[in-house]
Amino acid sequence: MGSQGNLSAEVEQATRRQVQGMQSSQQRNRERVLAQLLGMVCDVRPQVHPNYRIAV
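According to full-length UniProt numbering, the stretch in the sequence shown is residues 1 to 56, in order.
These are calculated hints, taken from the structure and not from any lab test. The structure displayed is predicted, hence computed values, not measured ones. Some hints here could point you the wrong way.
[Unchecked claim] Beta-carbon label-pair distances, calculated as ranges:
hint, residue 1, residue 2, range
1, V41, S3, 46 to 56 Å
2, E10, P50, 52 to 62 Å
3, P50, V11, 49 to 59 Å
4, R28, A55, 27 to 37 Å
5, M22, D43, 26 to 36 Å
6, S25, R45, 30 to 40 Å
7, Q4, M40, 46 to 56 Å
8, N6, Q26, 25 to 35 Å
Don't be surprised by glycine CBs; every beta carbon is placed ideally from N, CA and C.
Between the sequences and the hints, there should be enough to build the whole structure, so can you do that?
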């Protein structure tokens, strides 16, 4: 069994690896996500709501 210092170093190293993985994933997917988001925001299709009733 490892010492407290060794265990803490292992946890720190694992945490750093996870953070680096998340950062690289964010960098890879950022442009695609932004393009999808802008596409949804800018693609406006005006429609009459199905529950709309014309008042006579």
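Is it true that the C-beta distance of P50 to V11 lies inside 49 to 59 Å, as the hint says?
holds, 55 Å
Hint says 26 to 36 Å; check whether the CB-CB distance for M22 and D43 agrees.
holds, 30 Å
Can you let me know if the beta-carbon spacing of S25 and R45 is within 30 to 40 Å?
Since S25 and R45 have Cβ atoms about 32 Å apart, the given range 30 to 40 Å holds.
That 46 to 56 Å hint for V41 and S3 (C-beta), does it hold up?
Roughly 54 Å apart at Cβ, these two residues keep to the hinted range, so it holds.
Quick check on a hinted range of 46 to 56 Å for Q4 and M40, using CB atoms only.
holds, 50 Å
Within 25 to 35 Å or not, the Cβ separation of N6 and Q26?
With a Cβ separation near 31 Å, N6 and Q26 satisfy 25 to 35 Å, so the hint holds.
Is the gap between the beta carbons of E10 and P50 within 52 to 62 Å?
holds, 58 Å
Is the gap between the beta carbons of R28 and A55 within 27 to 37 Å?
With Cβ atoms ~53 Å apart, the hint is violated.
Violated hint for the displayed structure: number 4, the only one.
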